[in-house]
Amino acid sequence: MSPLLRLILQRLGLALISLLLVSVVVFLITAVLPGDAAQELLGQDATPETLAALRTQMGLDQPLPLRYLHWLGGLVTGNPGRSLVSDAPVMELIGNRLPNSLLLAAVTAVIAVPLALLLGTLAAVFRGGWLDRLLNNGAVVLVSVPEFLIATLAVLLLSVKLGWLPALSYASDIDSLSGAARVFVMPVLTLCCVVVAQMMRMTRAALADQLDAPYIEMARLKGVPPLRLVLREAMPNAIGPIANAVALSTSYLLGGVIIVETIFHYPGVAKLMVDGVSQRDMPLVQTCTMIFCAGYLLLVLIADVIGILANPRLRHAR
Amino acid sequence: MGARIEVENLRIVAGDVGLVHDISFTVEPGQVLALIGESGSGKTTIALALMGYARRGCRIASGRVRVGEVDVLTLAESGKRALRGRKIAYIAQSAAASFNPSRRLLDQVVEPALLHGVLERAAAERKAIALFRELALPDAETIGQRYPHEVSGGQLQRLMAAMALIADPDVVIFDEPTTALDVTTQVEVLAAFRRAMRERGVSAIYVSHDLAVVAQMADSILVLRHGRMRECASTVQILASPADDYTRSLLAASRIGERAPDVSAQPSAMPLLEVTALSAGYGRVRDGKCEHPVLEDVEIQLYAGQAIGVIGESGSGKSTLARCIAGLIAPAAGTIRFGGHPLPATLAQRDRETLRRVQIVFQHADTALNPAHTVAKILERPLAFFHDMDANARRRRVAELLDLVKLPATLAERSCVGLSGGQKQRVNLARALAAQPDLILCDEVTSALDPVVAAAILDLICELRREVKASYLFISHDMHSVRAVCDAIVVMRYGRKLAQIAREDYARGPHHPYYEQLARSVPELRTGWLDEVLAARPAPTGVFVP
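Respectively, the protein sequence lines represent chains H and U.
Letter by letter, the first sequence follows residues 1 to 318 of this note's numbering.
Letter by letter, the second sequence follows residues 319 to 864 of this note's numbering.
None of these hints come from the bench; they were simulated from the model.
Hints may be right or wrong, so weigh each one.
The following residues of chain H were derived to be distant from chain U, with all beta-carbon distances above 12 Å [unchecked claim]: (1) Pro48; (2) Ala234; (3) Asp275.
Okay, the calculated bits of chain H under chain U, using three or more residues with CB under 8 Å as the criterion [claimed, not checked]: (4) 215 to 224; (5) 298 to 312.
With the Cβ distance kept under 7 Å, some of the chain U side facing chain H (calculated, not the full set) [claimed, not checked]: (6) Met369; (7) Gly397; (8) Arg399; (9) Arg402; (10) Gly403; (11) Tyr408; (12) Ala410; (13) Ser416; (14) Phe417; (15) Asn418; (16) Glu429; (17) Pro430; (18) Leu433; (19) Thr460; (20) Gln463; (21) Tyr465.
C-beta: ideal position from N, C-alpha, C; glycine also.
Based on the sequences and whatever the hints tell you, model everything.
Written out as structure tokens, the structure reads:
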């Protein structure tokens, strides 16, 4: 087996172990929360007898490790159980919402990643100049303003003041192109503000580091023109850290968009999860958490592999 | 063919501060001019200005640079780019940092020829391989397929020379090209450089702080100090009859002889330090053997008052030996006895008294001294820790210590950030002395210093040997400094001790062949030394025997 493949399999194995540990933690946390699903379901009608009966029926009287294994088995085989609230299969609930979330994340990523790379590269090339200072200060401002404030300001300006866009999103609007645009503008705008700023700063730092290296001076003294200097010489050495920054930011898009989806009433997974938490719909919450974690681990794994491929020291590790 | 280089009234500034003042010189076609001076003298800045290049924060304020028919400083940026790598090529000091770590060597070597449209790719690669052969690189056909981290420092330096010569430049700038290399490698690289230069008749600027190396390479020498020209004359004249005081002090520093020892180690029955069958390294230890051994089966006996020098090339394990004795690395096998008792393996296991008796002085005073502390605070630390002195006693002792290392007492309240390299190294020594140790481990204490400053530090150590009762283990890759200070030399290679030679026997050879090779490889301060070394060799270096 080639060392490269072994390295990648190693990372994959580590990611799977992490995911397993996460599943234990998620299960334990939801298990120690006060009140169980049976109590929640019966509500005020609960008597000790009905509670016990329902617990037996739902398998809640079994010991914890057994319940965990049962749950994990279901999760792996794609059957994480039924929602306690609507009694619909959790997979079906999530299946309805996940494409919406992925679409939102994808649209944001398609706009944010190239923009952030471009701005970060410009800032690194002109480091110390006015453009660099402007971009850096702008990024600091955007990062430090909470996203619910950005979202609220966007609604105030674009919907209330100017009346260009609806303040809320509805899934049915996505069918037509103009409708989709109207739905997406504000959530994407809000998400971009946060994500672009983070990725841009990381790109700038990674690239500026390389541009100050002696080999760049050497390349300059060989007569390498500026554009080639940045793209051919410096960029390959900065790709590892940049890929990691992009992975972190995009994984945030997967799981951390709760506030944005809630404010704009966007029908995504994060909104589903928030509803699940408020209704103690544990199978739903557990599955959503696991999906977010898996997405995060997958992105970080991809970033790791890109970092390895870009670095000949790791690629040709002996 | 070589081009004529003319520099007139060159002035380079950083902000409002002048770095290089009013430099003028001429280099005839095919000649080599050396720029020599200590760090900060502006020699690299001048060399880079020949390519119309100034580092970030610096600016070429005025002056004229002509290379052949081209007036370099009046060119637009694109014109300068057309010049760089084509007419004027640059060979940097640290080849390891100057190659792009993520691109194959061959791609980088042929790049100048492709960028300037001199050759097609296939022709350029053929030429590169021919150059590899000419520069005596092993595996000339395939070495270009490797990445920079896969070849040695000496090979990288020669690959960089191939990169410089690929587009047949008229002028080559060498910026301390062998400073980072071991002496034995240096001889090979110098020989390869010089052959390639002579065959092509290119003009060259050779930047260095090492007069002995320059004497082998340059036709004339320009001596710089603080960005000003002190003297410019032919190499022979500078070596024989220097006109300037500073040049004389440079020459004196390069001719450090053996300093009179004056201290004879009192012969005592029991050695102060006795290292027996010491092995150490990295990775897992199994049956007293490391996964990656650095030191194997080393024995050393050091008597009270004695100074032993440990010499070897990089990777020979000499620093690891010092670190084992200091307790920074736990040995895998063997024993270290100190004053008759076994020395615990790690710092944590040693009591305060044992810690006090063994002190280490590191190579880079810059990183060994806390930049946030004043000199007094740095020196008072060991006084309070080892000797429980009160504030008054500490103050008196700090003054004594500064006096001992020949620093003015007024320095005590200054932060060590503003001190010069030599002053920092003196503070570094004073800190070790503050503990009143029995054994001082000096790990390459002069290697990062300019020659004049290094010579002064060696003088100081010799004086300290007379005034302070202590033993020294003096680790260095520099034969001159070890000979200057020590009563005996231990020669190490590949983690093993090869030989031990006493001071009385230095001149009486022949010793271990590797010691002889090391001694022969140290450049001597006269022209023609390199020719003699090369002539004395059995086989020409250009032939690589697989």
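Each hint tested on the structure:
no.	hint	in the structure
1	Pro48	holds (60 Å)
2	Ala234	violated (9 Å)
3	Asp275	holds (48 Å)
4	215 to 224	holds (count 9)
5	298 to 312	holds (count 3)
6	Met369	holds (6 Å)
7	Gly397	violated (11 Å)
8	Arg399	holds (5 Å)
9	Arg402	holds (4 Å)
10	Gly403	holds (4 Å)
11	Tyr408	holds (4 Å)
12	Ala410	holds (6 Å)
13	Ser416	holds (4 Å)
14	Phe417	holds (6 Å)
15	Asn418	holds (5 Å)
16	Glu429	holds (6 Å)
17	Pro430	holds (5 Å)
18	Leu433	holds (5 Å)
19	Thr460	violated (14 Å)
20	Gln463	violated (11 Å)
21	Tyr465	holds (4 Å)
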